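K.L.:
Please arrange chain W on chain Y, whose structure you already have, making use of the hints.
Here's the letter readout for the chains.
There are 2 protein chains.
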Amino acid sequence: MQLRLLLGFLGILLIFLSLFMLFPLFFAFYYKEDITPLSTSFLITLVVGLLLFLFFRSPKRELRIRDGFALVTLGWITSAFFGALPFYLGHFFPSFVDSYFEAMSGFTTTGASVLTEIEHLPKGILFWRSLTHWLGGMGIIVFSLALLPLLGVGGMQLFKAESPGPVADKIKPRIAETAKTLWKIYILISGVEAFLLMLGGMNLFEALCHTFGTMATGGFSTKNTSIGSYNSAFIDWVIIIFMVVAGANFSLHYRFLTGKFKSYFNNTEFKFYIAVIVVSIVIFTIILRLHIYDNIFSALRHGAFQVCSIMTTTGYTTANFEKWPYFTQFFLVILMFIGGSAGSTGGGIKCIRIYILLKHGYRELLKLVHPKAVISLKMGKKAIPYDILQSIWGFFFLFMFIFVLASLAMTLLGLDIITSFVSVAATINNIGPGLGTVGPAENYAHIPVIGKWILIFCMLVGRLELYTVIVMFIPEFWKK
Amino acid sequence: MQLRLLLGFLGILLIFLSLFMLFPLFFAFYYKEDITPLSTSFLITLVVGLLLFLFFRSPKRELRIRDGFALVTLGWITSAFFGALPFYLGHFFPSFVDSYFEAMSGFTTTGASVLTEIEHLPKGILFWRSLTHWLGGMGIIVFSLALLPLLGVGGMQLFKAESPGPVADKIKPRIAETAKTLWKIYILISGVEAFLLMLGGMNLFEALCHTFGTMATGGFSTKNTSIGSYNSAFIDWVIIIFMVVAGANFSLHYRFLTGKFKSYFNNTEFKFYIAVIVVSIVIFTIILRLHIYDNIFSALRHGAFQVCSIMTTTGYTTANFEKWPYFTQFFLVILMFIGGSAGSTGGGIKCIRIYILLKHGYRELLKLVHPKAVISLKMGKKAIPYDILQSIWGFFFLFMFIFVLASLAMTLLGLDIITSFVSVAATINNIGPGLGTVGPAENYAHIPVIGKWILIFCMLVGRLELYTVIVMFIPEFWKK
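Chains Y and W, in that order, give the protein sequences.
If you read the first sequence in the working numbering, its first letter stands for residue 716, the second for the next number, and so on.
If you read the second sequence in the working numbering, its first letter stands for residue 716, the second for the next number, and so on.
For reference, chain Y alone in the conformation it holds in the complex (with noise of 0.2 Å):
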């Protein structure tokens, strides 16, 4: 491990962190509010970041793997604790976990909180919370296009096979320059997005604030019943249109933008993304229509909402879907699990290695009728090589057995089934609401201080793609 390296960069990291603080400092002022919380945050993580760079500047050098995977699970870790702390400062929270909580929930682009009350919070707080998403969600966009294909981990690389676009040395040779390339798109669509919600009737404060728990499938909103609060039907779909945008492949938006207007549809993984959302949206509209809705538009409306805000892990809600069918509930655990497009700002297992099982399922059906037979697995029109499938497949068994044994360690504190299995759902998948004593009209603020920290653990195994954490935790890892 290069020490020293990897300290000049969280340095790095953390000066731009608390650049970034400026921003609900503004809102503080204007709502005319204590600014003490922010400015001495922003002192703090200014100063330390200075020190570390100053400090532990070092000649270039490469990053090899290991350090970037340390690199990246360490940034997100230094980042959650620097950015709680304007929740911790302001007394707005009852503990530092607590803070931490929020903070991780923010960046990991869960939205899973530990507030009873969120409207009584002064508004730079509430900017400051929903920035967090924001810049987890660029940072996830950056790290799953450009850094996890150079690691070799992950579905990225099949992206890559099947078509040739705008991932790392594709669309442009370093690093550096695809990542810039992506905030440009980033910040456009939100800003499309911010336009739209004031339309909708939002001032600036709300409009971005739900911008950026949109775009990056995050969740927190300004309000205690969420998007519900606002009641208005535009609102629902400008929101619904953009968690489907923010859980699509960032690439291929950026190829439209460029005028590739039929990249969506050239790709395997979108369509199958789109596919399964259309579908869940039909049953769940008859399905609402049958039991809860009086009409079929408050039933397309509100199922749909569900639907993609769970789909692409953002977690606002319009209702309390704890109080619809069982079968609607169960629906939309599934759906957590299935998550976003690769590349995207979602989480989840991801539509391509879902579907790539479900075809490696199907094919295995195949070679029993022929057994002599070699049928290859393909995508598109390419084969899929060999070593990404046993990626997708210990990727797979890996997110299961975490899954498994975290929800029997929220057990051992004394949490039914339910609540166990659902808010390590809601964690590992960056979903934020789930069931049981987590549901959509709950919060986290009763889970005990060890199932906190197990919850933040799965924020952020889930978040960096499971191998990127879990890697640090085999002894290989650290052997010279």
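Source of the hints: derived by calculation from the structure; they are not laboratory data.
Just to be clear, a hint being listed does not mean it is correct.
Copies of the same chain are indistinguishable here, so a pair counts whether it falls within one copy or spans any two.
The calculated BS3-like cross-link candidates involving lysine-lysine, where the alpha carbons are at most 30 Å apart (straight line), are [stated by the list, open to error]:
1. K895 to K1194
2. K1194 to K1093
3. K977 to K1093
4. K1096 to K747
5. K1074 to K1097
6. K1074 to K1087
7. K1097 to K1194
8. K1093 to K1074
9. K1087 to K1097
10. K1093 to K975
11. K1096 to K1194
12. K747 to K838
13. K1087 to K1194
14. K986 to K1194
15. K1194 to K1074
16. K1038 to K938
17. K1093 to K986
18. K977 to K1038
None of the values given here were measured: they were computed from a predicted structure.
P.N.:
Positioned in the frame of chain Y, the structure of chain W alone reads:
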């Protein structure tokens, strides 16, 4: 499909089945009960069997692979149909679905019951109910040790790969010979258990019924409160030991009985199986001592019983584990999925597959640390062939896929999430008792009719190693 050939085979199967109905008839005579239901069922089964055999007897022809799958699946479906006759004709069950559910639960060695009151039933009927377990258990051993390796499915090829042993063409040149050897072992071990249970105070009828339930990892009891009603530490420990024996690979028992005493501990799957059991028992003993029992011996005895019962997929109970801490309940659900060993009468995903999936997951992590190293997956000292790995990966994903779809279907019938989830887990893994409204103190009587059919399907699919049944659902199976 060679339909004539299949019908001929089914005829032979039914003739054998009818002959086994003579045993419960003996008990019905002995206890001076109404013999009509059993004798009528015997005659119907025998006559249908003879007719099929005589009409569809065909010149000796080779079974093709597809016919093999169809024969096994149809064999179980047909046995359950005729096996349900005594239940239905005697009006002991409210409907034919219920009778069929009970018979399928018997032949698949599941042990899920729709009976609310067991002890009122005539002894002859109860004997037949337990005998279906024993026959199904034997059927599964022959299926998994003699047929599956020839079809190229399942974990048994690995067993062959690791150490040359008594599988299909290895111990004996022909399936028929292998089957005979396995029958002898099965009868021998059953005899020992029945003898010990009689020593523990059971009469011949009870000892045989509970031996059938143990050796087949079935779980039907003749008592309303299962093994708990005897309240005997001796009986509990005898059953614990024989459940563990029944959940181990019968090829190992064969080797042991032929003087190769070390064979158990040269076998990777067996070591893994025992390790999981021992670790689970230790954890359960601690938790139960802290929360439920006031002495360590009771904690150990009831912890060990429930762990071994669920892990081997038997389903006998000595305690209502639904009143235990959530942690132990959830732990038992995890053990349900691990299940017994390949080549045993146990169900579940099976230890060998779980072991390989764990190893594969770890290997993927190692590959991240050493991206250029070639790390082969080994079982004992031999590398695992690629096609077997693929088969196992496909199995795991398809298993989870069917499990989730079936649970979702159960919620559509209005059942709560825990009941839906665990009723499918308890049937697809061939356990019996679950949690929620199908807990150890309850039964499956209240499940809606469609739900019963879904669970019947789950029992069959879980029992026949998934592929055998599912392959018949893909269109290519039916093409010439």
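K.L.:
Checking each numbered hint in turn, tell me which of them this model violates, lowest number first.
P.N.:
1, 4 and 18
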